[in-house]
Amino acid sequence: MESEGPSLTVPPGFLHHSAVQQFDARIIGNRPVAESWRELTLSWEAEEPSPGQFLTFRPSASSAPLLRRPLAFAGHSGDSGGRVSVIYQVRGEATRLLAGLEAGAALDVLGPLGRGFPLPSSDEVPLIAGGGIGLGPLLFLDARLRAAGRSPALVLGFRTAAAIPELELPGGTALCTDDGSAGFRGTPVDWISRNAPAGPARLYGCGPLPMLAALAGLAAERGWRASLSAEQWMACGVGACMGCALPRSDGGGYLRACADGPVFEAGDIDWRLRP
Amino acid sequence: MSPELAVRIGSLELANPVGLASGTVGYGSEYEELVDIDSMGALYTKAVTMEARPGNRPPRIVETPSGMLNSIGLANPGVEAFVAEKLPELRKRRCAVIVNVAGSTEAEYREVVERIEEAAGPWSPGRLEPGAVAGASGTGVDGYEVNVSCPNVRHGGMAFGTDPAQIEGLTRSLRDATSRPIVVKLTPNVADIASIAAAAEAGGADAVSCINTLVGMVIDVKARRPVLAMGTGGLSGPAVRPVGVASCYKAARAVGIPVIGLGGILSAEDALQYLLAGARAVQVGTGTFVDPRCARRVLAGIEAWMAANSIAKVEDIPGLLKP
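Read top to bottom, the protein sequences are chains A and B. For any residue, its number in the numbering used here is found by taking its place in the first sequence, counting from 1, and adding 492. To convert, note that position 306 of the second sequence is 295 in the numbering used here; the numbers rise steadily by one, no gaps.
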């Protein structure tokens, strides 16, 4: 697939390719943070992941559920022999089994996979927007950008106040709820439309597809660059099976969410793909 | 004494009976860091067609009970890109490389094989580098697997695989184009797989592999539409294993050429079912997605089972099934 059509728009930034390893990680913590949402902390002996990259885990030693599931990194600490965290939603059998694992248990993991978020250029204001499954990677990105001396705006959207996870969110985080029960009433896209900086900005997004499509539209309208992390069903997670295809915006076929992404420059993908 | 693991497919000798199935490891490089490809019996590449194919609209995959559906649509860069970009990498392989070929017409299958023959050069099974694993000729192509069983393309693919006369004609045409071993990959979506296997043998195939995927569909009831954009897809994984084992059992009794078994192999015991059913070798496919170490575990388990049961040669296993 890589050989077809023009090359991707790949800006400089965080690590794009890493040495991938499969190993049994040890679960350090697995705590609920909101209704149906949990934070998992794992020992990590592979290469340090970048925001936007992901791991896959084997949900069961039996054949059901069968396929490995992707989880985006929410943080990393320490060097090799460190730990990583992910934030996940219990929404199927695989994540239900994961939720039942306690500290000390082993988990078959593989990673780091995929290409992460690029860094903003020095004149761009980083705007980080998302919600749902995008929460983990966006918090990771926010932390990394702050550590690099940048001052991103973090805008997180939730259905309602009760769905906001009990996590230490950075000071100044703009919270949005669909029903107005906490923070701004509306979506992160609405918030950014109203509070956009006058100068150049770079939009970072991760979350449900309609939100990504809206962020891509907003970025195009304002002339901003946007780096969006896409979600797609995956079988292998390493670029071999061609299962996680996303349509290219130039009509030149498809890109793989797992290996060409999951973070894409907004202009590279046709975000109108079926949800 | 350690068991004898080599298996013969026509004039090709594979170092061991466990291969990596087409469409599950690309052309090898994607899994390089995770799978010890060179220690396996064979690498069966992703299908190669004459022109580049972008593949089907997404969603292309969905999980099913103990299995998965895929409708990739033979996405591949086309034979010219294969020759220019993939073949140089495949020449470095120390395991046998079986190139999976597909087409919309008999002529396209033949053109693909002819182009690869031209690029790979002559082949002789005896020309092994010192220290190389049996099977690898160093030409990048040690045989062809003819995909007449893909359920996800409109023309060719499975349409060939369900008609004995077409299978025989296609195999014969390819037989004229190459001296390399030819493996015909069969579809289980037929009434009588034995007659299809026999047709491949009559056309000059060196082996048949079975099974490719079973046609399946999953419907999203809330949305009231199929989950896969193409509607149907091909079912693989442990859910299809009993179908695969029975297909191998039937095919092996219909032909004298080796049968290569695949479909839902996750463990050595799964692979041994296929071998006992009559398969001379096996392929691990979906199992690699689940656990990249799967094929290695399967091979180690077969060796351990042979040692525990005092079986000297892996090629003897197909004769051990009790009535």
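Quick caveat, the hints were computed from the structure, so don't treat them as lab data. Glycine residues also receive a C-beta, built at the ideal position from the N, C-alpha and C atoms. Treat the hints with care, since some could be wrong.
Stated by the list, open to error - Sample of chain B residues facing chain A (criterion: CB under 7 angstroms; computed from the structure):
(1) R49
(2) E107
(3) G226
Hint-by-hint comparison with the structure:
{"no.": "1", "hint": "R49", "in the structure": "holds (5 angstroms)"}
{"no.": "2", "hint": "E107", "in the structure": "violated (20 angstroms)"}
{"no.": "3", "hint": "G226", "in the structure": "holds (6 angstroms)"}
Going through the hint list in order, the structure does not satisfy hint 2, though it satisfies all others.
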